[in-house]
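Colleague: Chain by chain, the residues:
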Amino acid sequence: MTKDIMLDIRGQICPACLLITLREIANNKFSLKRGQSRLVVKTDHRDATRTIPGAAVSMGYETRTEKTDGYYEITIEYRK
Amino acid sequence: MKSPAATRTKKPRAGKSLAGLEKEKKKLNEYIRDKVNQLLTVMGTKALDEHELDESDFLQLDPIGIIALSFEQVLEHLKETNKSLGVAKNQLQAVFDTAGVCISIVDSDMRIVNCNEKQKELLVSDRDEIIGHHCYEVYCGKESPSLDCPAIETLATGRPVLVREVKKKSRHFQIVTSALKDKAGNITGVIEVSMDVTEKKKAEEAMRQAEKLSAIGLLAAGVAHELNNPLGNILGYALLALKDPALQADQREKLEIIVEQAKKGSEIVKGLLNFSRQSQPLFEEISIEDVIRKALKNLSSRLLAQSVEVTLDIGDMPRVMADPKQMEIVLMNLLINSMQALEGRPDGLIKIAAGKKDGFLEVSIKDNGPGIPKELLPDIFDPFCTTKPVGQGVGLGLSICSGIIKKHNGSISAGSAEGAVFAFAIPLERKN
Ligand SMILES: Nc1ncnc2c1ncn2[C@@H]1O[C@H](COP(=O)(O)OP(=O)(O)OP(=O)(O)O)[C@@H](O)[C@H]1O
Ligand SMILES: [Mg+2]
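Residue numbers (the working numbering), protein chains in the order written: chain A, -14 to 65; chain B, 56 to 487.
Any given hint might turn out to be false.
Stated by the list, open to error - Restricting the straight-line Cα-Cα distance to at most 30 Å, the calculated cross-link-like pairs of lysine-lysine (DSS-like) are:
hint, chain 1, residue 1, chain 2, residue 2
1, A, LYS65, B, LYS138
2, B, LYS238, A, LYS65
3, B, LYS138, A, LYS(-12)
4, A, LYS65, B, LYS134
5, A, LYS14, B, LYS134
6, B, LYS90, A, LYS18
By construction, these hints were calculated from the structure, which means they are not laboratory data. None of the values given here were measured: they were computed from a predicted structure.
Given only the sequences and the hints, what does the whole structure look like? Please build it.
Modeller: What follows is the structure, given as structure tokens:
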């Protein structure tokens, strides 16, 4: 019963996707770490598909990136 | 580098222009962006693009705060990883150390990097310093590696090598070596796994001996059977010839030697038959005392010659169901062993005792010889277990005894306390 926390940063004038995602991870740290939720980030920023997984992995998360029509979906979750 | 704060306090406040303040703010922003980028790089991601965010949006995000929180998680993750690595390392070490095989790791120079407890136990007996020393020196006791060393071949070819059998420090090992490689594929060392196959080899040896034994048994039975008649004839004719009154003294002497040797020959044949006879005991009601006395009578001249004293302690004994011939063989073997152990002693003493105990008839034979060496005790009833020189014993006596007693549903034991003690017990009642 994992809840998906959606973070849509598509088309925003918000290129600092990484910082925003990191903030979201920090805000949901406990439920993520307990496996109660996962974070699904939607972004159309190509660079983010490298920076976000890089940072998430060094914090111990697993990530999966899928390309859907026109944007990327990065799923971040914690697995024991 | 001076910090922006330090720069600011130096300048007088009053004289500050708006343009000057803007400039300072920009500088401060750049400083923060610079540090944020540094921290992000440390976290393993790419730095932010110069144009990704404008100044005010950037600061409003509180980048330092976010990164601080993220770093906290990075550290937690590292700690956990470290912990589980530690656990894994301990588990591996435990597996390494409790493995039933010897494991050793050597570098490309054949110096020992690590080895497990089993390896130390079996192959390093005489030294404390192992790590950093050459394996051929520590494990094989050599000054240079031998030509057929599997580790050398693995180091040269990178391929695993299996050596079926090698003798090191008086044990037999089967050895497998495999190469340790770094990421680039270069050979950096060898893992050597040695399995102690000494026990297996012993078991195989015992198997071979058992096979040999049954082959000998068959052969012996056949030969004994065939030899009995001619030996009987030689003896008979020699005795007949001895009756001739016209014999010269030297002819008589020669004939007597023939008689003596023919008797010796038939003794050997009898022994072979005893050994090869796998027959079931022929049970009859016997008195064990009679059997003991008979055995002592057979040996009386030797006992006398060796001046061995024998004491008998036999209580009120019921008759038992047993094969008297086989019981005699058991007693003879035990007594002869004791006499052999007492050879050369002026005060030789053999104590024989018999009595009832828990439904069994128990007979014990005790001597004041040197006793049985501790390491011999576990194998003493095995065939070919002997400490006697060739010609004096082949190590079959006790295995024959144990076979006979087992067929009587009894038990036999050996002990050592100021001499040797042998005891056997057979059931008083025979169940069908
Ligand atoms: N009374 C004893 N005192 C000391 N050692 C004994 C005694 N009896 C047996 N042993 C030891 O046990 C070994 C095995 O005995 P066993 O009778 O089976 O064979 P053996 O006497 O050597 O040869 P064999 O009986 O075939 O002539 C002997 O070689 C001897 O070392
Ligand atoms: Mg013997």
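Colleague: Please go over all the hints and tell whether each is borne out by the structure.
Modeller: Hint by hint, here is what the structure shows:
{"no.": "1", "hint": "LYS65/A x LYS138/B", "result": "13 Å, holds"}
{"no.": "2", "hint": "LYS238/B x LYS65/A", "result": "28 Å, holds"}
{"no.": "3", "hint": "LYS138/B x LYS(-12)/A", "result": "29 Å, holds"}
{"no.": "4", "hint": "LYS65/A x LYS134/B", "result": "14 Å, holds"}
{"no.": "5", "hint": "LYS14/A x LYS134/B", "result": "16 Å, holds"}
{"no.": "6", "hint": "LYS90/B x LYS18/A", "result": "28 Å, holds"}
Hint violations for this structure: none, all hints satisfied.
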